[in-house]
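Peer 1: Chain by chain, the residues:
Number of protein chains: 2
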Amino acid sequence: MVKIKPKRLLADLHELRKFGACGKGVVRTAFSQVDLDSRQWLIGKMTEAGLHVQEDGIGNVIGYSRNSGQALLMGSHTDTQPEGGWLDGSLGVISALEVARTLLESSNTQYRAVDIASWMDEEGTFCGLLGSRSFCGKISPEVIANAKDRNGLTLTEAIHAAGLNEVPVARIDPGRYVAYLEAHIEQGARLVSAKKHIGVVTAIVGIRSFKLVFTGEQNHAGTTPMQLRKDAGMALIRLANDIDAVYRKISGDTTVWTIGHVKFEPGSHSIVPGHAEMMLQFRDPDSRLLDRFEAALYDLVAMGKKTGPVEITIEPLGAPIPPAFMDDGLQEHIVRAAETHAPGDWICMPSGAGHDAMVFADILPTAMLFVPSIGGISHNFAEDTKEEDIVLGCQVFATAAASILKAHT
Amino acid sequence: MVKIKPKRLLADLHELRKFGACGKGVVRTAFSQVDLDSRQWLIGKMTEAGLHVQEDGIGNVIGYSRNSGQALLMGSHTDTQPEGGWLDGSLGVISALEVARTLLESSNTQYRAVDIASWMDEEGTFCGLLGSRSFCGKISPEVIANAKDRNGLTLTEAIHAAGLNEVPVARIDPGRYVAYLEAHIEQGARLVSAKKHIGVVTAIVGIRSFKLVFTGEQNHAGTTPMQLRKDAGMALIRLANDIDAVYRKISGDTTVWTIGHVKFEPGSHSIVPGHAEMMLQFRDPDSRLLDRFEAALYDLVAMGKKTGPVEITIEPLGAPIPPAFMDDGLQEHIVRAAETHAPGDWICMPSGAGHDAMVFADILPTAMLFVPSIGGISHNFAEDTKEEDIVLGCQVFATAAASILKAHT
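If you read the sequences in order, they're chains A and B. With the first letter of the first sequence counted as 1, position 115 gets the number 115 in our numbering; the numbers rise by one all the way through. With the first letter of the second sequence counted as 1, position 266 gets the number 266 in our numbering; the numbers rise by one all the way through.
Chain A with its partners taken away, still in its complex shape:
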């Protein structure tokens, strides 16, 4: 049985937390100075662990095992949201480091190969999942050339400023790996609600987002009788209400839908809105359910257009993200490890959030493990996880990693 070192794990997490610490949270957006500094620290830690470390031309930090044979790849990301939590992806990166160290230190596993990585800019300061997509060869030069942060700084400028413009970009050698594993905080409240401490991820949900635009006629709110109005705002409210009512009927247990953005123009309390827009997003691990939601949406829009008098247009907001399925065999290894360390204290669940793991899922057998988020809070300075849960998650992952490597190599 491999045994992680809880104090070392927690000490490293707290040391990483200092880069960009802001109250209880962390501000360490991709390519910021604290992000670059934290990568140097991480390179030191990986080197100390005996790994051969590469910082690639997109900012990924990858520690390759010096052992021969097929390897496990484990990782996540250390960049944060503009107001980020201290764990988020960092938990996965430092857990991977601790697993790699633990296996190298244990007599039964000291010759196993575990590569570990911090993928650049998962959070999308410039471009979401940048590092993992680059490593997997899933991002085009155009996308990289056009990527900008919210202040207009281009990714190209950021790479240059980081001194990485002459550095080669790392690419995956799929033949080297038996699997990709990622630990992450749950970012939701399913584990807390279910009073369980380990989440074994079954799938990462597919996501489809749409923008709806309503064009009516801007008018005086006093002099325009109801029957002469073309009120873009009311058309939006009615359609949004109808969408919600239909979705409640046809949704599955894991489906979520969100109207996160609504805007009325001109937005005065005394003017009938001539223009309104909304953004709708829905997620589910089942593509057939996503299809059903999309069909219902287009039906309701068509009905609204027919009824009039407001024009409605709908278009997808970005490319749809298909569901990514976690490997059944890997899930079994994790479940067995969870049963060993915390019998009955785990559930299988989908991930409602996107993760670097989704980029790997069609290239390598892939799996994820979640630890609970206190109060379900994430992307927030208040995000946190109990220390015993962090330790338990890492221990389960170490046992699972040893068992996967044993079974496959």
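Because the hints were derived from the structure by calculation, they are not lab data. Quick caveat, the model's predicted, so the values are computed rather than measured. One thing to keep in mind: the hints can contain errors.
Put simply, identical chains are the same to the list, so a pair is met inside one copy or across any two.
[To be verified] Restricting the straight-line Cα-Cα distance to at most 27 angstroms, the calculated cross-link-like pairs of lysine-lysine (DSS-like) are:
1. 24 / 195
2. 211 / 249
3. 195 / 230
4. 263 / 230
5. 138 / 249
Fit chain B to the known structure of chain A by using the hints.
Peer 2: Frame of chain A; chain B shown alone:
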């Protein structure tokens, strides 16, 4: 029979239009240089008409008749919205000027007294209905001291810059007047829809406005199951839809209601809104109906709060504006004049918009006349009225003014 001079009326309207002309529209906000220049021009026109002219300390331009006996007071405003139409209140001011001139030129009416005015800042660049409220003693020094335009310029600074800070403010002598009359463009499409050319105003609607704030919990749109959400945005959509459904059932013919402003925070397509707000306004000439609307609103909010899980607060947005009733006897004079010049071509109707006339309605017998707005468009560069309608409206008003003065003095 008094006969206006159509060419003179239209020429003066077109001359006034030049102050701040912008394409087909006019930009002549209160206290702007073009507004101040136009007032000098208007002073010249009133003086030329034989009136004794006063520009008062708030910017009102008032032309007093030199005839003795009780007088009619006629007026409107020459300031515009930031993107205003060329007629709007200017139609009423120049029509009043033409009526005053016509009566002075006609042998039957040459000894009648008609005072005319352009009231400052009806449109609320600094403070809505400023001039008429000041003239009627309905505005406090505090309101004036605190009034600012959207750039932060104070009304006090604007008065100073106009050189009016040492000038006394005019106050109404209610004993002097038999009535207040105001002509205006309709600003809506009721006349056009009804294919009529004169609107005899029965009442200016009462207005009540409310701000509703929804406080839920901001959450990740992927990891927060539907049953654990406190979605402020969806709570708003459901309540807004319910309000509209109930209002359709209990509204009268003339009731209008508007949700002109809606905001979701943080407003990202990937985040469950934790905060949302909306502004609701309704208008009707009948206070009992306004009471019914308000009661239904508070009932729905109470129901929404009880259902949860989102907190809802509601507060009035500004003071409620009570309906202002036009004098029945004056309406009869206008109807008779309309029947004389355009038999069957008029309707009685409420005014959905506020006007200076509402300030006078509880001090003097008050009446208004509307001419059609092409396409119902107002507060817009495209606002317009056919020349024959402008002329007809002024002629009807001149005949009515003569008949009112004959009956009352």
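Peer 1: All the hints need checking, so say for each whether the structure fits it.
Peer 2: Here is what the structure says about each hint:
1. Taking identical chains as interchangeable, the C-alpha atoms of residue 24 and residue 195 lie at most 27 angstroms apart only when both belong to the same chain, with a minimum of 25 angstroms there against 68 angstroms between chains.
2. Taking the shortest alpha-carbon separations for residue 211 and residue 249, only the intra-copy value of 22 angstroms comes in at or below 27 angstroms, while the best inter-copy value is 32 angstroms.
3. For a Cα distance limit of 27 angstroms, the shortest separation of residue 195 from residue 230 across copies, 20 angstroms, qualifies, whereas the shortest one inside one copy, 50 angstroms, does not.
4. Proximity of residue 263 to residue 230 under the C-alpha cut-off of 27 angstroms is found in both arrangements, the shortest distances being 16 angstroms within a copy and 20 angstroms between copies.
5. In the homo-oligomer, the alpha carbons of residue 138 and residue 249 never lie at most 27 angstroms apart, since the shortest distance is 37 angstroms inside one protomer and 56 angstroms across protomers.
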